[in-house]
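Could you put the whole structure together from the sequences, leaning on the hints where they help?
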Amino acid sequence: MNPFSLNPTQLAGGQIALAVLLAVVGFAALLPRPVGRRVGVGVASLVAAAAVLGVFLYTTFGSPSPDVLGTVLFYLFSAGALGFGAVLVTQRNPARGAIAFAFVVLSTCGLFLLLAAPFLMAATVIIYAGAIVVTFLFVLMLSHAGGPSDENDRSREPLFGSLAGFAFTGLVLFTLYLTRVEATAGESAHRLPVPVVTADEREKLADALTRIDAAAAGLDGDLTTNRFERLQKFEALRDAVSAVVGASPDEGGVRDGSVRARLEKAAATPGVPAVLYREDEQARGVLRRAATVRELNWATYKAVNDNLSGAKPDGAAAKAELRRLRDEVLLLAGAADLPARNVGNLGYLLYTDHLLAVELAGTLLLVATVGAVAIAHRRRGSDGPTATPKPPTPHHPA
Amino acid sequence: MITLWHYLAVSAALFGIGLVGFLTRRNLITMFLCAEMMLQAVAVNFVAFARHHGNLHGQVFVLFILAVAACEAGVALALILMLYRRGKTLDASAWQTLRELGVPPAVDTDPLPVETRGEEPRLADAGVRPEPAGEEAARV
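Protein chains in written order, with the numbering used here: chain G, 737 to 1134; chain V, 119 to 258.
Treat the hints with caution; some may be incorrect.
[Stated by the list, open to error] Among the chain V residues that face chain G by a calculated CB cut under 10 angstroms, a handful are:
1. LEU137
2. PHE140
3. THR142
4. THR207
5. ARG240
[Claimed, not checked] Sample of chain V residues with no beta-carbon within 10 angstroms of chain G, all distances over it, derived:
6. ARG143
7. ALA191
8. THR215
9. PRO222
10. PRO229
11. GLY236
12. GLU238
13. ALA242
The set of hints was computed from the structure by calculation and includes no laboratory data.
Beta carbons are placed, not taken as given, at the ideal position from N, Cα and C, and that holds for glycine.
Right under this line is the structure:
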């Protein structure tokens, strides 16, 4: 495996250098030119370069936990993107290049799907497929099919061009190697950051959600009867929520919920590894959210308690309070990973945090439309020698 | 398990391929497609980081990349159309008269291969009575 007894840095650097060298040879041999194009050598070099890159990825970043399906799909889509990209660059016929680019876009859409971005996948397919069809039509319209031409059968400095591009890629890969998280195949050496919401807590929150639904269903009918049973349901629900998020001071002393105990108190406790402590944006957001749920839990319990104990219990008002609590608990339960409601959350983010950017993008689209029309506008008389404008013929009424 | 670094490495390679294509190819439309491919690589980076950090800001950024790419496609195709009208070619080197002072012009030395075609099929001339081939029975 390691015949030259290299240290890991030398090994990774050697793999990167070998991949870059093979890719440069492959592209220099494959790029179109009138004489000396060697398809066999080029394809063999590119396949070898891709293999070396795959080995580099495996030995450097490893596969700590066996996720066979995800791994296979990742390598499939990556190979598709890189392979069709190579076809686009080295293909002499620009129409075939456009088709290859469409496949590159489809492969990257597969990667988007693996990265939990279904809306982006759909948007990219729609926008790029439209753009590709338009570009394809342009290619068909503009490129004359007759014979070799300067633009399709010549390249600008194939060797130095590939060297420049892949030297850049090699430097990026080496930087990635230097900044990687230590991981070895077989066992996980990741010092995993503490999850913001554990699976256990998520189960508890889901249980609380069903309790909320049951309590809301119990608010139907005559509210003056069975008050005690109803209130008992609400107490159980309150305790279920506060087991996770903690209780409010009004309830008699602060009791930490499990979220806060893990995320906030872990740093203060001696003996707990420092890696458990998190202070990133996600942890802070979850802490804020847990605090909101804590306040709302207590407020809802008090409001519903007063409501039901009063002389004229109002079921609709109590249901509205429960509804608010339910939404917050649901948001907290989903805060651990990327949210499942991808489209809804993207829209929420667009119109809250990035509103100015949305307006600017709209302005940019408008300006680009005007610019494209202004550039492509055909002025009279400027289009070749035959297009001299005729003087207007005078109109003679009979 | 595929980590963030796998995605970063693949998008770096995709960006490199696009860069090579943009630097070496001379067809304006192919150069444009290569630039779009580099944008795709950057988009994969952003989405991978969004997954890594567990928020959606990276995906929002990719949405803006899509908007800018759409603008770019419109303007670039309009420009390419104008250039084609002026020069009747898609070759980027046809405009090398715009190069910097003191830079020698690039000259293509190797001649393009001549494509030989066979005889194209022809139809019989119209309006001429075809010669009867041999003794053929009259068909009604």
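Right, here's what the structure says about each hint:
1. LEU137: Nearest chain G Cβ about 4 angstroms off; hint holds.
2. PHE140: holds, 8 angstroms
3. THR142: holds, 4 angstroms
4. THR207: holds, 6 angstroms
5. ARG240: violated, 18 angstroms
6. ARG143: violated, 6 angstroms
7. ALA191: V/ALA191 is in fact no farther than 10 angstroms from some Cβ atom of chain G, at 5 angstroms.
8. THR215: holds, 15 angstroms
9. PRO222: Holds: least Cβ distance 14 angstroms, greater than 10 angstroms.
10. PRO229: Nearest chain G Cβ is 7 angstroms from V/PRO229, so the label is violated.
11. GLY236: holds, 14 angstroms
12. GLU238: holds, 12 angstroms
13. ALA242: holds, 26 angstroms
Violated hints for the displayed structure, listed by number in ascending order: 5, 6, 7, 10.
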